[in-house]
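Visitor: One line per chain: the protein sequences are A and E, in this order.
For the first sequence, the positions run 4 to 293 when the numbering used here is used.
For the second sequence, the positions run 439 to 678 when the numbering used here is used.
None of these hints come from the bench; they were simulated from the model.
What the simulated footprint calls covered on chain E by chain A, stretch by stretch (three residues with Cβ under 8 Å from a Cβ of chain A suffice, anywhere in the stretch; the number is not a length):
#1 444-453
#2 465-472
#3 478-489
#4 515-523
#5 563-571
Just so you know, even glycine gets a beta-carbon here, dropped at the ideal spot from N, CA and C.
What follows is the residue order along each chain.
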Amino acid sequence: MKSFPNLGIGLGLRTPHYAHILGTTPRVGWFEALSENYMDSGGRPRFVLEQVAERYPVVLHGVSMSIGGTDPLDFDYLRKLKALGKHVNARWISDHLCWTGVMGRNTHDLLPLPYNAEVLRHCVDRIRVVSDFLETSLVIENPSSYVEFAESTMTEWDFLVQMAEEADCGLLLDVNNVYVSSFNHAFDPTKYIDAIPAERIVQIHLAGHTNYGTHIIDTHTGHIIDEVWQLYGRLIDRIGSVSTMVEWDADIPEFDVVLAEALKAERRAGFSLPVEPLEGQAEACPTLYA
Amino acid sequence: MRDAQVWMLEAITGPEEPRPEDVAQRILPSRTLTPVERVEIYRGMYPMRMSEALGTDYAAIVHFLGHHAFEHLVEDYTQLFPSRSYTFNRFGDHFPEFLAKHTKVQRAYVELARLELAITHVFDEEEVPLLTELGGLDLDSTLPTIPALRVLSFSYDVDALFDAFHAKTTAKPKRVKTYMVVFRKDYAVRRRKITQREHTFLRALSEGKTLGDAIALVSPTQEELFAWFRDWNAAGFFAG
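With the rest of the complex left out, here is chain E:
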């Protein structure tokens, strides 16, 4: 039974088509289809299913590279990183790494894929109670961010690329250092550009560093610090 399943898995998902004589030993013909044609139904649906799943998570990459190129990438990706989970949610976790290491896709689009991966993670993360009171903090306090938040940096303006995708327009990648936070509020995933100093500070907090350590990294003014916490707490960045 296991041998048959191993054979069928390879027949459906392998890079090479199964040998007709092998198929004929295991699969019966129908009134209208040969054994090979019957297996081909499953073999044809497999890449379509993978492409559909990955295309949902990486819709902006599909937009910029085009469906045809994307499908080829998915075929190669699926051979290297086949789904090993009961859920499709994490199937695309290696896609940015795959684009960077195994393809000639422009660096800007690799970074755009990193942004889209962060968005899918944030979409699924656990919902937790928010911090309601900022009082009582001192330099030794830690201020954990919500699970549904990612602090990111890029070499290209991927935010502009993502906007162009949403607007269904084209955009040329601009090489400019970009800092962003992706977070979920009221069950909607949001993006926000931040400064390098905000990035350094917020990233330190998200990594569990104390308030004192985070302050030491960027030496913010009191007004700056006050403004950051007012905005970030209103946006629901911190877990209660």
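Just chain A, same shape as in the assembly:
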């Protein structure tokens, strides 16, 4: 697998924060941009991303690749994704272990997969095709899910580990997703966290969620709960610091509130962020398409 840089603590690039980020150049290690929000836009979002990419390292995170889907891979989408990656010097490109639709229809949801040998082979083959096309190792995120399939024959973490090894891809380990799924499916999240090989983890996601009592929905809203921080700490203690990013996508608060959440991760992981401007920061680490 290609090696990826440790960028420290990052935040999601979100519309309500555009003016603040461009106006104040806050002390953040890097930004994660949602690929689909910028691939087809020639307007302000694209302009802002270009400005941010001049000042910070940027990674691209997608929701529409449908790596587990059974429709053919969308090479128009992949071409645009690759072009955007080159344009903003993306450090890596990630998407989810999921499918988003079938028969040409897109639910715009990250739908779960059964975990068995057939699905494993399917995902491995498609990840290899995409990685070859993008000329980099694709990074795949573990999903949060609300159903379990009768036809699953292995745990999600066993599936993820085998998939990463066979496809030679990186993993974006979303610790909140592990917690959400562990609640919904009644498994021990520490088993999941402990099972993922350190050398495969390129990035970590942290986020808040909404607990409805009977189940948890991964809403990316609110503060990260203590149990998720504990899982993050357990992971960092085992594998060392890894690029970590806080997601906050609903009821998005002021930038400084999200940043304060990220700084908790900074303290926990022992990162040291740049104190003053980020002159040259964007160029200081290797890119995908140098």
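Let chain A serve as the given structure and place chain E on it in line with the hints.
Guide: For chain E alone, coordinates are given in the frame of chain A:
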């Protein structure tokens, strides 16, 4: 694997709830939820996601019709025009057509939806260099407008409706022929009312007609022509 995905797509997005016995064959129960309740989580989130996406593009329609009515429209729209793209950006492209052909929504609001669709298109269009020098043009010249520009005409004053939406007030639709240009400048989408003659002339240019052909359509005076080009070029209507 494909069969399972086709089944789940229908279970989540179809108009009818999936049969419990079918769900139980494929989905396991949790400690707290039955298989049907677990699928219902996805089934419930689907219309909310579609409504949120469409409501962002058609915020003025939501304002005038109300959230409840809008959600019903989205449910019907999604069945007829489900998203077929990796991006939500173009999900609402058929919404004005849907309102006109498949609903009893007032014509004024159909036109307001057309205006909002134009705004979303203009928001996303490619940025191109602007024309800086108007000299050297002759009657055979074409003067391409920027991609982020739409020349529009309406039977109702949708501009006033959009202003009312922005002001969070109500307004009664007025049936009056309205001509507008929607364009992007400095990465902000702007609206401007124009006259019928300006509309005819500018639309001709935006369709690639020559300056001579556009002039022949409206026979502007020299002063009129000079004023139009001064204003439009300052507003960045023309591509370089």
